[in-house]
Each structure stands twice: as structure tokens, then as C-alpha cells.
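Protein chains: 2
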Amino acid sequence: MLESQKVFLVNAVLNYFSQLSPISSEFIQEIEKNVEPLLIKKNKHILSPIDNNNCVFFVVSGLVRGFIREGNKEITTWISAGNEFVGAIQHPGAPPKPSIEYIQALAKSELVAIPYLLIDELYSNYPETNIIWRKILQFQYHAASERSMLARIPSAERRYEKFMELNSVDASRVPLRCMATYLGMRLETLSRIRSKMVRQVV
Amino acid sequence: MLESQKVFLVNAVLNYFSQLSPISSEFIQEIEKNVEPLLIKKNKHILSPIDNNNCVFFVVSGLVRGFIREGNKEITTWISAGNEFVGAIQHPGAPPKPSIEYIQALAKSELVAIPYLLIDELYSNYPETNIIWRKILQFQYHAASERSMLARIPSAERRYEKFMELNSVDASRVPLRCMATYLGMRLETLSRIRSKMVRQVV
Chain C
5 MLESQKVFLV NAVLNYFSQL SPISSEFIQE IEKNVEPLLI KKNKHILSPI
55 DNNNCVFFVV SGLVRGFIRE GNKEITTWIS AGNEFVGAIQ HPGAPPKPSI
105 EYIQALAKSE LVAIPYLLID ELYSNYPETN IIWRKILQFQ YHAASERSML
155 ARIPSAERRY EKFMELNSVD ASRVPLRCMA TYLGMRLETL SRIRSKMVRQ
205 VV
Chain W
5 MLESQKVFLV NAVLNYFSQL SPISSEFIQE IEKNVEPLLI KKNKHILSPI
55 DNNNCVFFVV SGLVRGFIRE GNKEITTWIS AGNEFVGAIQ HPGAPPKPSI
105 EYIQALAKSE LVAIPYLLID ELYSNYPETN IIWRKILQFQ YHAASERSML
155 ARIPSAERRY EKFMELNSVD ASRVPLRCMA TYLGMRLETL SRIRSKMVRQ
205 VV
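Chains as they are written, first to last, in the numbering used here: chain C, 5 to 206; chain W, 5 to 206.
Chain C extracted, bound-state conformation (with noise of 0.2 Å):
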């Protein structure tokens, strides 16, 4: 990767942090000094259980999805499109342990893995990053409350609604076996209701 794209993406994740606190030069340094910036092409993985679960990322761009494997099915459990962070599910305050959740690029995606254990020393040593996360993990748990709730809804027809109306993905980029299995329907299903909404669009 060109030095430039690396400062690029790294500078994206400085912004967002510091459109949540202020933070000090100290603190910028030990990011640029240990956070990785990675480029990962289209259906690559970027995490599977046989690797340690010990990094956080700030998706830049791209489209990337966590799935879990249920027999041989791959059930999409997130979808990003960037700007946030994502990461596989992980018990607070547990040692880093791998995860039953794979993270893997839709698209040619642009990230930055920011280690566990870094953040845990930002903690100690950089009070603003305790705002820093806090604000970070209130979307994280909004964002999970809703698809918690997204997937609850009986009707298929709804919980595509419901998908809709809540997500910023713009669907059109999501593969439909990846979004049917998010939506908890069979893709025939799934490419039935979608005929329908653009029949009645149209």
C-alpha cells in the first residue's frame, strides 16, 4: 500500500475520534504508531475463527459483512458500509479469544484494525478515550439492538420493510444470499417481496 493511502486512512479514523472528544497530540501519536491500515478485495476474509479476535476496525469504505456458519449455510449477522466500527462478537473483559463470527469484505474495502489491547492502554493512559468509546459503543449498541430487533419481526415482508427504512446500506450493493440470510427468508422469498416493492414503486 502507497505511504499516502496509509496516512489517508489512518487520518479517517483521527477524525472520527476527534469529532467525539478533543484529543491530544500524545494520543494521535500512539494511534498512527500501532493501528494498521488495510485493503482487502472483494470476498476476501478479513477475520475467521481461527484467528485471534484481537482487533476492532474502522470500515473507511467498501461494503463488509459478519456472517456465522450454521451447518453448511453462512448466515449474515451485520452489514457495513463504512464510517463505524465493526468487529466479531467478543465477551467484555474475557481475554481476546477467537470468534464464531467471520468479518469479510463485499466489496473492495478500505479498514483499520485498532488492537484490543491498544485501546485497553489508551484507556489508562489518555482519559478522553473512555468519552471516545463510550460514544462509539452507544451506537454500536444501538445499531445491534436494532438489527436485534429487525430479525424478530414475523412477517418477511415487514422485516424487509423494516430493513429499509432503518439501514444505511444501500441494498442494491448487498448480494442477495448475504441480505436474505440477514433478513431471516429464503432467497426466493426474499427476491419475491423485492419484485413487488418495485412493481408498486413503479
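Bear in mind the hints are in silico, worked out from the structure with no lab data behind them. Keep in mind it's a predicted model, so treat the numbers as computed, not measured. A few of these clues could be false.
With a straight-line cut-off of 20 Å between C-alpha atoms, the simulated EDC-like cross-links for lysine to aspartate or glutamate are [what the hints assert, rightly or not]:
#1 K101(C) / E150(W)
#2 K77(W) / E161(C)
#3 K101(W) / E169(C)
#4 K166(W) / E78(C)
#5 K101(C) / E169(W)
#6 K166(W) / E74(C)
#7 K77(C) / D174(W)
#8 K200(C) / E161(C)
#9 K77(C) / D124(W)
For this one, chain C is given, so just place chain W on it according to the hints.
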């Protein structure tokens, strides 16, 4: 409510906070002055969409659920058996507004209501609040991610197994109709799965 009972409930919250970070005597006074201990009878609503969604609740004891209405159905979105914070879904940063989520006691429950406005004030005046709430949000985010993942498992039987594996709630205390909507299955399906599991254990 007896004064001694109020003191007991407020102390339960303070104990919980102090396990997450040291707290100052001024912080303790703010909490003592501004939170509201609640005794809720079985089946009573604690919050509904006609109320201002302006408090988060610490469940000291009992059994509490969140639910939404879809048509004439109540869909359980979470279940808490206590020693944790619960709240209706709310967009971070936005001013409190009525929620689509209801909160209801499924058994006689003891709670403490903490206004969001108080927490915002505490953030500014007592920096330890950012540490405390960051840790609470880590628990909440983890729990919401698990709920979100659970609901997307395609097999009803596997959802039930995962619920039993994940959940700290004693399933025998939860009314079947609440558990069925939480697990995204019909009441008959849940009954059938439970009977099968009992037979396997015996």
C-alpha cells in the same frame, strides 16, 4: 415503599457502579438525590410508547422484558433477570423521544430509574462516569449482538439450544408465549422442542 427498601435499591446501583470504577462521595450524592427506586407488580408496564423514554433502568431483582407490537402481536425483544441495565431503544445523541419498545415486569420486580439527563450531567462533572458507562455499554452491546445472532439461526431447535446455552435467565420462569416470540417460533413449535429436550434429558 419503605425508606429502608429505597436505600437498599439505590445502594444496589451504587455497588454495581463501584465495581466498575471508584466513585466519589459527590457522585454518590448525585445518584442518591436523582434516581427513583421502583417496585413493579407482575405484568405491569414500566415504559410504553406513550411515556417519555427518558430513563434507563437498573434491574435489581425480578424478571423484566422488552417488547414491540407488530399488528396485534407482542414480540419479545429481550428478557432480563436482573443485575443489569435495561432500556428502550433510543438513538444516541438524539433528544429522548417516545420509543417503539415497551418494558414490562413478568414477575414482581425491583428497579431503579436513572434519567438520561442525569447521566449526561455526570459525564461532564464526574469523568469516572465515562469509564462506568463505557463498561456498561460493552455489556449491553455484547448482549444485543448475541440476541441479534440468536434470532438469525435458521433452525428453531438450534435457536432454542443456543438460548439455553447463552442465557442467564431461568427459562422456566419465562411465560411460553414471551419466549416463543423472542425465539421467533410458534408456541406449538416451542412446546414440541421443549418436550423433546426433556425426553432426551430423562
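Here is how each hint holds up against the structure:
Pair hint K101(C) plus E150(W) holds up; C-alpha atoms about 16 Å apart against a cutoff of 20 Å. Distance restraint check for K77(W) and E161(C): the Cα-Cα separation of roughly 16 Å lies within the 20 Å cut-off, and the hinted pair is therefore satisfied. Between K101(W) and E169(C), the direct Cα distance comes to roughly 18 Å. Compliance with the 20 Å bound is thereby established for this hinted pair. Taking the CA atoms of K166(W) and E78(C), the gap is near 17 Å; set against the 20 Å cutoff, the hint holds.
With a C-alpha separation of about 18 Å, the suggested pair K101(C) and E169(W) falls inside the 20 Å cut-off, and the hint holds. Taking the CA atoms of K166(W) and E74(C), the gap is about 12 Å. The hint holds against a cut of 20 Å. A distance of roughly 30 Å separates the Cα atoms of K77(C) and D174(W); the hinted pair therefore is violated under the 20 Å criterion. Proposed proximity of K200(C) and E161(C) is supported: the alpha carbons are some 10 Å apart, at most 20 Å.
Distance restraint check for K77(C) and D124(W): the Cα-Cα separation of roughly 44 Å exceeds the 20 Å cut-off, and the hinted pair is therefore not satisfied.
In this structure, the earlier hints numbered 7 and 9 are contradicted, and the remaining ones agree with it.
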